[in-house]
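Trainee: The primary structure of each chain is shown beneath.
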Amino acid sequence: MRELSLHLIDIIQNSVVAKATLITIELDVDTVKDYLKITVTDNGCGMNEETLKKVKDPFVTSRKTRKVGLGLSLFEAACNRCEGYLDVSSREGDGTNVTAYMRFNHIDRMPVGNISDTIASSLLNGDVDIVFKYRFDEGSFEFDSREIKKIVGDDLGDPEIITWIREYITENIENIHGGAI
Amino acid sequence: MKSIQELEAIRKKTIDNVNQRKDRTTTRIVVGMATCGIAAGARPVLLAIMDEISKQGLSDVSVVQTGCIGVCRLEPIVEVIKPGEEKVTYIKMDADKARRMVNEHVVGGKVVDEYVMHIIDGHIVNDYTVKND
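Sequence lines, in order, name chains A and E. Heads up: the first sequence at position 126 corresponds to 126 in the numbering used here, and the numbers run straight through without jumps. Heads up: the second sequence at position 25 corresponds to 25 in the numbering used here, and the numbers run straight through without jumps.
Hint data in this document are derived by calculation from the structure and do not stem from the laboratory. One thing to keep in mind: the hints can contain errors.
Taking CB as the label site, the calculated pair distances span [as the list claims (entries may be wrong)]:
#1 E:ILE119 - A:TYR85: 39 to 45 Å
#2 E:VAL125 - A:ASP94: 43 to 49 Å
#3 E:GLY57 - A:ILE151: 20 to 26 Å
Glycine included, each C-beta is placed from N, C-alpha and C at the ideal position.
Next comes chain E alone, as it looks inside the complex (with noise of 0.2 Å):
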């Protein structure tokens, strides 16, 4: 049974990590949570992504809820914003594709391309896959 004691220890551990969490050089993962995105599946991803960032035992991750991104078609929708890099898209997500994505591109510096929004010629290409990888 879950007591408040492991809570109080949990606290003890983590204190350090809530202070550097606030400052601005921290990664920031957002999941889009509206209706489209809860119906396609992003609660599983969030909850995916956090669970990945403790066993990794990252402290300077932040993840963060928003609305409707806007191409609902393509929910569940995971941006990756690292400190200095341009907004990475994440699109059709699921619980393990967040997974590898925190593995690769949060941890590991490498953007998981079959997973990326890709834009050409003013068009969503969301079929894309990677030919020459």
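Isolated chain A (complex conformation) (with noise of 0.2 Å):
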């Protein structure tokens, strides 16, 4: 993986195919107190405590075409090459948390890369809510599908829709600050 993001679209992917309707992301930046903190928290079907321990194992995986999964392992991976962790909390029934650590500032940390990218193509799964918080030092900026659906009905597919909610979410963005991070 080459940017966070796309780490973020894997991890989301993991919420989806567990049943979650809702899927709240958190991106944090702090940079006086140096670190970048992403949240993922779903209403899936959440993983049993024996499931749990080994989740970040790249050898155990709940997909049937093969026997590894490296989703978690590579997203922990990122986070412990820049003083940071990976930490996944789960309930069965309940859902899911994972939340990824690390420092800012760090040389090794990837870039955030298209956020907007993820959170768009993340929505053209069907029946499944997103909402996304974007914190950076002062700035904030809030996106929740649910409030898109009032106004365009329940279905989001539409290329165009799709458009509008990639170039909404860059533009607030770029609002709270200029140029990549």
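Now that you have both chains on their own, put them together as the hints suggest.
Mentor: In structure tokens, the structure reads:
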């Protein structure tokens, strides 16, 4: 993976597979305290304790096509090399929370990358709603797909709507800070 | 700046499309979006397909995502399923190839042979090039 937003899309897909209907994504940057934190919280099927213990093991996966699952392992490696950590908590039937933490100014920290493309492509998963909270020092922005659905109806799959959402998120992030982080 | 009014206008324009997309005569485009696909560049492929559909004004096409299709070394993989036709699997896609695929295959009805997965004697020949086209 070249960007944190690609790791993020991968974690979101896990939530989708877990039949989540609401996924809350928080991206929190504090340049003074020098950290970048990403949390993904879903209301999917969750995991039991036994699965949770093994979840970051690359040789554990729920998929049937192969015996390896690299998503969380790769994300954890990306956090660890920036003096950070990846934490997964879950309760069966309640949902799952993934927290990724790293030093913002660490030389090995991946760029955040194109976060609006990540949110927009995740919304193409049909019946899933996404709340996206972005905070960069004092600036913050919140996106809620349920608000969009109130206006355009339940189907966000139309290309024009997806394009609008991409540009909307991009503009709002640019308003908080110019340039990529 | 993007405004909510704009969104209202889009809704009025696309309300008919939504109804059309739900019936069964639509073409389905499936993009593999597991770890393997994402790392290989599936996100720009997915969004290029959406963008091209929008540019061409196609209303009878739906784009969906799936997990790992099973041949990770050939990602990004895109499957095109036209009603009444056999599924076509495109491999090693990128944004430009995806746009060409939408134009020539989805709109024009002609499969882009160079990008399609070829299976010969049970083996995938992914470096296949068209010689007599």
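Trainee: List in ascending order the numbers of the hints, as given earlier, that are violated by the structure.
Mentor: Of the numbered hints given earlier, the structure breaks none, since each of them holds.
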